[in-house]
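S.K.: Quick note, the sequences are listed as chains V and F, same order. Start counting the first sequence at 1; every next residue gets the next number (UniProt numbering). Start counting the second sequence at 1; every next residue gets the next number (UniProt numbering).
Just so you know, the hints here were simulated from the structure itself, not pulled from any lab data. Quantities reported herein were computed from a predicted structural model and do not represent experimental measurements. Incorrect hints may appear among the rest.
[Unchecked claim] In silico EDC-like cross-links for lysine to aspartate or glutamate, where the CA-CA straight-line distance does not exceed 20 Å:
(1) K20/F with E158/V
(2) K122/V with E148/V
(3) K252/F with D278/F
(4) K16/F with D89/V
(5) K20/F with E149/V
(6) K30/F with E143/V
(7) K16/F with D110/V
(8) K30/F with D89/V
(9) K16/F with E121/V
(10) K20/F with D160/V
(11) K16/F with D82/V
(12) K130/F with D99/F
(13) K233/F with E270/F
(14) K122/V with E158/V
(15) K122/V with D87/V
(16) K87/F with E121/V
(17) K147/V with E135/V
(18) K20/F with D89/V
(19) K30/F with E135/V
(20) K16/F with E91/V
(21) K30/F with D110/V
(22) K20/F with E74/V
(23) K122/V with E12/F
(24) K87/F with E141/V
(25) K78/V with D99/F
(26) K30/F with D137/V
(27) K88/V with E12/F
(28) K131/V with D8/F
(29) K30/F with E149/V
(30) K14/V with D53/V
(31) K131/V with D278/F
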Amino acid sequence: MAAETGTPTTLTLKSNDDELFSVAESAAILSVTIRNMVEDGCAGGVIPLDNVDGKTLASVITYMNGISAIPADEEKKKSYRDKFLSDKDFETLADMVLAANYLNMSCLMDAVSAKIAQVMEKKSVGWVRRKFGIENDYTPEEEAAVKEEHKWTFEGVETDDDN
Amino acid sequence: MSNYVPTDLLIEILVKLPVKSLIRFAAVSKLWFLPLKSIYLRIVDSCDGLVCLSNKSFMIFPQSRGVIWNPSVRNHVVLPDPTINPKDAYISVLGFGVDAGRTHHKVVRFVYCRNAAGIFTTRVEIFSLKTWSWRRLIGGVDLTLGAYPSLLRQVLLNGVVHWLIEEKPIGDNSFRRSYILAFDVGDEVFGEVMLPEWEAGGSGFAKLSIFLINESLGVVKSTGESCDVWVMKEYCVRESWTKLYTIRLFEKIENVVAFLNSGEALLALENSRLVVYDSETKHTKDLGIYGTPSSLYMYNYVESLLLLRGRTY
Chain V
1 MAAETGTPTT
11 LTLKSNDDEL
21 FSVAESAAIL
31 SVTIRNMVED
41 GCAGGVIPLD
51 NVDGKTLASV
61 ITYMNGISAI
71 PADEEKKKSY
81 RDKFLSDKDF
91 ETLADMVLAA
101 NYLNMSCLMD
111 AVSAKIAQVM
121 EKKSVGWVRR
131 KFGIENDYTP
141 EEEAAVKEEH
151 KWTFEGVETD
161 DDN
Chain F
1 MSNYVPTDLL
11 IEILVKLPVK
21 SLIRFAAVSK
31 LWFLPLKSIY
41 LRIVDSCDGL
51 VCLSNKSFMI
61 FPQSRGVIWN
71 PSVRNHVVLP
81 DPTINPKDAY
91 ISVLGFGVDA
101 GRTHHKVVRF
111 VYCRNAAGIF
121 TTRVEIFSLK
131 TWSWRRLIGG
141 VDLTLGAYPS
151 LLRQVLLNGV
161 VHWLIEEKPI
171 GDNSFRRSYI
181 LAFDVGDEVF
191 GEVMLPEWEA
201 GGSGFAKLSI
211 FLINESLGVV
221 KSTGESCDVW
231 VMKEYCVRES
241 WTKLYTIRLF
251 EKIENVVAFL
261 NSGEALLALE
271 NSRLVVYDSE
281 TKHTKDLGIY
291 GTPSSLYMYN
301 YVESLLLLRG
311 RTY
């Protein structure tokens, strides 16, 4: 037992575009999906993560390492999460929400969805449609009626710059 | 990866948005309108301890579902999907009542349809809590679209649900026909109750609304400066319409909300104040309750054991 704690176990994760990543088991098990595999003894070789690409997985592993290095201090963890997400663009955040959901990491899921909400807050309806790939299924009359009914919510909306 | 965020994850994001943004994004698509749809729950009416609720399905979602709730026993039932859901449905409105024998509670649903030529038709179906099913009413009622906003307030009296029907004047023609539409919950037939014969000048610029006043059908005619309170002393006898009193205050009366059993009127005044008006002393008493005129309603409520075991009513 003493030997095990002396040499931390390392897991190898594989992204869907075949990139390999080494990560300490203690950090990787922040993902309930990975923890279940470890507990079921399926984590001996390479763990394939079919729904996450290399770029996103690299980001998630940075987060895993960073957050697990912080002792049980919720304030510090929160400020780490804020800083970690502060420079991410919308596309990266969207990828991370999908990854966090697939990996079952509720703390990351919460933080990323809150960040996306913050990015969206002052955006236009058109921006949201483009970024979320949503087809407008209103007729022009219906759309005008919905907008007219909630006119006040269109004050202070940013002009679209697609940032 | 640049996949789009799937719907089930979208909810995680939407619940974190400020209300203002959430409401604005209702214009993104019909799916994004859904969070608002569940917010706009409206009370249809309350009788025998049951409260009938419906979504305020403003134009976009005519297929609104009704809910019957008994707050005392803390149980509610969601009505099954309605059967009239035509493609050209424009708006739907629910009514709720019990027959004169107080044994049979029913929900009545009006669906206004607009065809490609812009012609409106009304279709009606009835839900019975006893048989737990919707039944379509054939050739029940003929209403024009101008009538629908008045359907938002109903008066249940002696097994009959009443709505005020005010047809909108068309163009410069200020003539409009106003009457009270009556639905007998037991027999499932529609009828009309005539309004008072107004003095010269008619009701052209006045706002009408109907109420229950001391167990009789009442109507209030508001001009902004004053409100005339009328009551139909003998049900369905037009000559029995009697003007009880006129409410005139220094402050603007936004709305008459309801009448108490004591005969006093509940009024929504400017600055969102709710007051009780005593017609004898002509004084108002502030209730310390505030709200916009459209947010202040009053319903009678008595406790009952109905729906204690849900559907086995």
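S.K.: Compare the structure with each hint and give your call.
M.R.: Hint by hint, here is what the structure shows:
1. K20/F with E158/V: Measuring from Cα to Cα gives roughly 14 Å; hence the hint holds.
2. K122/V with E148/V: At roughly 18 Å apart (the allowed maximum being 20 Å), E148/V and K122/V satisfy the hint.
3. K252/F with D278/F: holds (16 Å)
4. K16/F with D89/V: Answer holds: K16/F to D89/V is near 18 Å, not above 20 Å.
5. K20/F with E149/V: holds (13 Å)
6. K30/F with E143/V: Measuring from Cα to Cα gives roughly 9 Å; hence the hint holds.
7. K16/F with D110/V: With Cα atoms ~9 Å apart, K16/F and D110/V stay inside 20 Å; holds.
8. K30/F with D89/V: Given that 20 Å is the threshold and the Cα spacing comes to 27 Å, the pair is violated.
9. K16/F with E121/V: Holds: K16/F and E121/V sit about 10 Å apart, inside 20 Å.
10. K20/F with D160/V: holds (18 Å)
11. K16/F with D82/V: holds (15 Å)
12. K130/F with D99/F: holds (12 Å)
13. K233/F with E270/F: violated (31 Å)
14. K122/V with E158/V: Distance of about 6 Å is within 20 Å: holds.
15. K122/V with D87/V: Within the cut-off at roughly 18 Å; holds.
16. K87/F with E121/V: Since the Cα atoms of K87/F and E121/V sit roughly 34 Å apart, the hinted pair is violated (cutoff 20 Å).
17. K147/V with E135/V: The given pair, whose Cα atoms are some 17 Å apart, holds under the 20 Å limit.
18. K20/F with D89/V: At roughly 23 Å apart (the allowed maximum being 20 Å), D89/V and K20/F break the hint.
19. K30/F with E135/V: holds (10 Å)
20. K16/F with E91/V: Cα-Cα ~18 Å, so holds.
21. K30/F with D110/V: At roughly 25 Å apart (the allowed maximum being 20 Å), D110/V and K30/F break the hint.
22. K20/F with E74/V: Answer violated: K20/F to E74/V is near 29 Å, above 20 Å.
23. K122/V with E12/F: It holds: about 18 Å lies between the C-alpha atoms, which stays within 20 Å.
24. K87/F with E141/V: holds (16 Å)
25. K78/V with D99/F: Not OK: K78/V and D99/F at ~60 Å, beyond 20 Å, violated.
26. K30/F with D137/V: holds (6 Å)
27. K88/V with E12/F: holds (19 Å)
28. K131/V with D8/F: Judged against 20 Å, a Cα distance of about 16 Å means the pair holds.
29. K30/F with E149/V: holds (15 Å)
30. K14/V with D53/V: holds (9 Å)
31. K131/V with D278/F: Since the Cα atoms of K131/V and D278/F sit roughly 58 Å apart, the hinted pair is violated (cutoff 20 Å).
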